[in-house]
Amino acid sequence: MAIELKGGLQPMTELRVYEYDMVAIRSQMTAKLAQAPGFFTGSPLLIDLESVADQAIDLFVLVSWLRSEGVVPVAVRGIKGELESQARDLNLAVLRTRRGAERPANTEVVPTEPPPSSPSRLVLQPVRSGQRIYARGGDLIVMAAVSTGAEVIADGHVHIYGPLRGRALAGAQGDVKARIMCQSLESELVAIAGCYKTAEDLGDGWKGRPAQIYLDGDSLVIQPL
Amino acid sequence: MAKIIVVTSGKGGVGKTTTSAAFGTGLALSGHRTVVVDFDVGLRNLDLIMGCERRVVYDLVNVIHGEAKLQQALIRDKRVAGLAILAASQTRDKDALTLDGVATVLADLSKEFDYIICDSPAGIEKGAHLAMYFADEALVVTNPEVSSVRDSDRILGLLSSKTHKVEEGNGNIKEHLVVTRYSPSRVDKGEMMSLEDVQEILNIPLLGVIPESTAVLQASNAGTPVILDQVSDAGKAYEDLVARFLGEARPMRFIEAQRSGFLRRLFGG
Chain A
1 MAIELKGGLQ
11 PMTELRVYEY
21 DMVAIRSQMT
31 AKLAQAPGFF
41 TGSPLLIDLE
51 SVADQAIDLF
61 VLVSWLRSEG
71 VVPVAVRGIK
81 GELESQARDL
91 NLAVLRTRRG
101 AERPANTEVV
111 PTEPPPSSPS
121 RLVLQPVRSG
131 QRIYARGGDL
141 IVMAAVSTGA
151 EVIADGHVHI
161 YGPLRGRALA
171 GAQGDVKARI
181 MCQSLESELV
191 AIAGCYKTAE
201 DLGDGWKGRP
211 AQIYLDGDSL
221 VIQPL
Chain B
1 MAKIIVVTSG
11 KGGVGKTTTS
21 AAFGTGLALS
31 GHRTVVVDFD
41 VGLRNLDLIM
51 GCERRVVYDL
61 VNVIHGEAKL
71 QQALIRDKRV
81 AGLAILAASQ
91 TRDKDALTLD
101 GVATVLADLS
111 KEFDYIICDS
121 PAGIEKGAHL
131 AMYFADEALV
141 VTNPEVSSVR
151 DSDRILGLLS
161 SKTHKVEEGN
171 GNIKEHLVVT
181 RYSPSRVDKG
191 EMMSLEDVQE
201 ILNIPLLGVI
211 PESTAVLQAS
221 NAGTPVILDQ
231 VSDAGKAYED
241 LVARFLGEAR
251 PMRFIEAQRS
261 GFLRRLFGG
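Residue numbers (the numbering used here), protein chains in the order written: chain A, 1 to 225; chain B, 1 to 269.
These are calculated hints, taken from the structure and not from any lab test.
It is possible that part of the hints are untrue.
[What the hints assert, rightly or not] Lysine-lysine pairs mimicking BS3-like chemistry, simulated, CA-CA at most 30 Å apart:
#1 B:Lys-162 <-> A:Lys-6
#2 B:Lys-69 <-> B:Lys-165
#3 A:Lys-197 <-> A:Lys-32
#4 B:Lys-165 <-> A:Lys-6
#5 A:Lys-207 <-> A:Lys-197
#6 A:Lys-80 <-> A:Lys-177
#7 B:Lys-189 <-> A:Lys-207
#8 B:Lys-126 <-> A:Lys-6
#9 B:Lys-174 <-> A:Lys-6
[Stated by the list, open to error] Label pairs and their calculated CB-CB ranges:
#10 B:Asp-93 <-> A:Gly-217: 52 to 58 Å
#11 A:Leu-225 <-> B:Asp-93: 48 to 54 Å
#12 A:Met-1 <-> B:Thr-91: 30 to 36 Å
#13 A:Arg-132 <-> B:Gly-190: 29 to 35 Å
#14 A:Ala-75 <-> B:Asp-188: 54 to 60 Å
#15 B:Ser-147 <-> A:Trp-65: 44 to 50 Å
#16 B:Gly-42 <-> A:Val-61: 52 to 58 Å
#17 B:Arg-250 <-> A:Gln-125: 27 to 33 Å
#18 B:Ser-147 <-> A:Tyr-161: 25 to 31 Å
#19 B:Ala-107 <-> A:Pro-11: 40 to 46 Å
#20 B:Ser-185 <-> A:Pro-224: 35 to 41 Å
#21 B:Asp-100 <-> A:Lys-6: 20 to 26 Å
#22 B:Met-1 <-> A:Ala-144: 27 to 33 Å
#23 A:Val-61 <-> B:Ser-147: 49 to 55 Å
[Unchecked claim] Some chain B residues judged to face chain A by a derived CB distance under 8 Å, without partners named:
#24 Arg-150
#25 Arg-154
#26 Leu-156
#27 Gly-157
#28 Ser-194
#29 Asp-197
#30 Ile-201
#31 Asn-203
By construction, the Cβ of each residue, glycine as well, lies at the ideal position given by its N, Cα and C atoms.
Work the whole structure out from these sequences, hints included.
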């Protein structure tokens with residue numbers, strides 16, 4: 001076996017552009033790079049252009065300058081049409097917008113069948129310390145314990161039919177409606193769409209009690225099941 | 001076909017080598033040809049614990065690199081028939097081990113022995129990985145203490161994913177829990193995790209409980225595996241463990257705190 005493809009979750013810095021003004025961008029970015037030299041050099045960067053979708057952007061100028069500063073842009077988000085082909089010419093991946101569904105500008109809205117339901121991933125064995133399971137595009141259901149030091153992640157909901165002692169991250173791609181359910185909340189850290197609470201925030205009161213966790217606006221709510 | 005059993009833990013200093021020596025000796029005493037292999041390259045201890053440190057000429061690394069034949073490197077135990085040791089190298093480090101080399105040595109050992117015990121080093125790096133890679137069964141040695149339990153849990157994750165059996169789809173490694181340095185009086189006082197606490201987290205069948213015992217240090221110093229000290233509680237506990245492994249049903253001893261009566265305290269024991 002020469003290669004293996006593994007789904008992974010890599011942390012990446014995002015460069016959110018709020019105004020396409022190369023002078024301002026250059027000056028702000030240079031200051032940042034000076035603050036932490038080496039931090040950005042060689043690190044993968046995601047360029048988010050959602051906020052400037054209506055402005056005229058020259059992606060080539062922006063990316064060339066970033067590359068000359070040693071930054072490694074790897075993907076762009078929040079662009080459409082012409083910019084998409086610019087991005088591909090620059091060998092950048094094009095990601096969906098932050099809010100989820102893509103809204104292509106030039107195509108008509110054609111009524112389609114509802115999308116097939118996301119597959120859920122079922123795990124029957126205990127998730128041991130150091131193991132990480134990511135259910136891409138769907139829910140994750142674990143029929144055993146999740147040990148401390150383990151990570152269970154899903155784009156959808158996370159259901160643990162056992163004690164949750166490790167980390168649980170639901171709505172990993174930004175789905176704010178995702179929930180975490182478990183039979184005993186003893187977790188190190190829980191997060192939904194990026195909002196998280198650590199074990200300290202959760203307190204000891206949940207140990208042994210079935211709980212569900214969901215997002216209410218910007219804060220995580222924990223309720224008994 | 002020999003059965004390959006890895007003695008592993010993740011955490012260091014919990015009793016892997018002590019257990020490998022006692023377990024291997026016990027199997028040989030029961031009539032099975034057994035070899036114990038030290039995978040802790042650079043920090044070898046098995047030869048000390050088994051009392052053959054003055055007879056090591058060639059080691060596992062020499063055999064892997066073709067510098068010696070397996071028969072030259074094997075050390076026959078003087079006390080127990082059918083027992084042999086393959087020491088690790090002290091002058092090299094884990095990078096001297098190779099997957100193919102280990103596979104070949106284990107295949108050669110399989111021709112002569114019924115059981116091959118792989119004494120794993122601590123950690124999850126190459127030495128530990130190679131010690132567990134070809135195993136059929138595993139003894140996961142754990143102290144009733146939080147960091148040891150977590151490290152054992154990590155090891156269990158690796159046993160169920162990064163081993164030959166699993167990668168080839170040949171089923172799973174049979175895992176056995178060995179709890180060492182157990183002190184029932186401290187458990188009663190609430191100072192130490194109980195057996196139930198450990199089993200709740202690790203959730204694998206319990207093979208044996210070895211009590212905290214002064215006999216273990218004495219055995220190391222003397223170079224005799226503690227199972228040969230049949231008076232000590234640790235020795236008896238290892239004997240029970242071997243019997244259980246071979247299929248005999250034996251109740252767990254040394255898991256209840258002794259209530260010291262006046263006479264017992266007066267006359268010791």
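Evaluation of the provided hints:
no.: 1; hint: B:Lys-162 <-> A:Lys-6; result: holds (15 Å)
no.: 2; hint: B:Lys-69 <-> B:Lys-165; result: holds (27 Å)
no.: 3; hint: A:Lys-197 <-> A:Lys-32; result: holds (29 Å)
no.: 4; hint: B:Lys-165 <-> A:Lys-6; result: holds (20 Å)
no.: 5; hint: A:Lys-207 <-> A:Lys-197; result: holds (15 Å)
no.: 6; hint: A:Lys-80 <-> A:Lys-177; result: holds (26 Å)
no.: 7; hint: B:Lys-189 <-> A:Lys-207; result: holds (22 Å)
no.: 8; hint: B:Lys-126 <-> A:Lys-6; result: holds (21 Å)
no.: 9; hint: B:Lys-174 <-> A:Lys-6; result: holds (27 Å)
no.: 10; hint: B:Asp-93 <-> A:Gly-217: 52 to 58 Å; result: holds (55 Å)
no.: 11; hint: A:Leu-225 <-> B:Asp-93: 48 to 54 Å; result: holds (51 Å)
no.: 12; hint: A:Met-1 <-> B:Thr-91: 30 to 36 Å; result: holds (34 Å)
no.: 13; hint: A:Arg-132 <-> B:Gly-190: 29 to 35 Å; result: holds (34 Å)
no.: 14; hint: A:Ala-75 <-> B:Asp-188: 54 to 60 Å; result: holds (59 Å)
no.: 15; hint: B:Ser-147 <-> A:Trp-65: 44 to 50 Å; result: holds (49 Å)
no.: 16; hint: B:Gly-42 <-> A:Val-61: 52 to 58 Å; result: holds (55 Å)
no.: 17; hint: B:Arg-250 <-> A:Gln-125: 27 to 33 Å; result: holds (29 Å)
no.: 18; hint: B:Ser-147 <-> A:Tyr-161: 25 to 31 Å; result: holds (28 Å)
no.: 19; hint: B:Ala-107 <-> A:Pro-11: 40 to 46 Å; result: holds (43 Å)
no.: 20; hint: B:Ser-185 <-> A:Pro-224: 35 to 41 Å; result: holds (38 Å)
no.: 21; hint: B:Asp-100 <-> A:Lys-6: 20 to 26 Å; result: holds (24 Å)
no.: 22; hint: B:Met-1 <-> A:Ala-144: 27 to 33 Å; result: holds (32 Å)
no.: 23; hint: A:Val-61 <-> B:Ser-147: 49 to 55 Å; result: holds (53 Å)
no.: 24; hint: Arg-150; result: holds (6 Å)
no.: 25; hint: Arg-154; result: holds (4 Å)
no.: 26; hint: Leu-156; result: holds (5 Å)
no.: 27; hint: Gly-157; result: holds (3 Å)
no.: 28; hint: Ser-194; result: violated (17 Å)
no.: 29; hint: Asp-197; result: violated (13 Å)
no.: 30; hint: Ile-201; result: holds (7 Å)
no.: 31; hint: Asn-203; result: holds (6 Å)
Against the hints set out earlier in the document, violations occur for numbers 28, 29.
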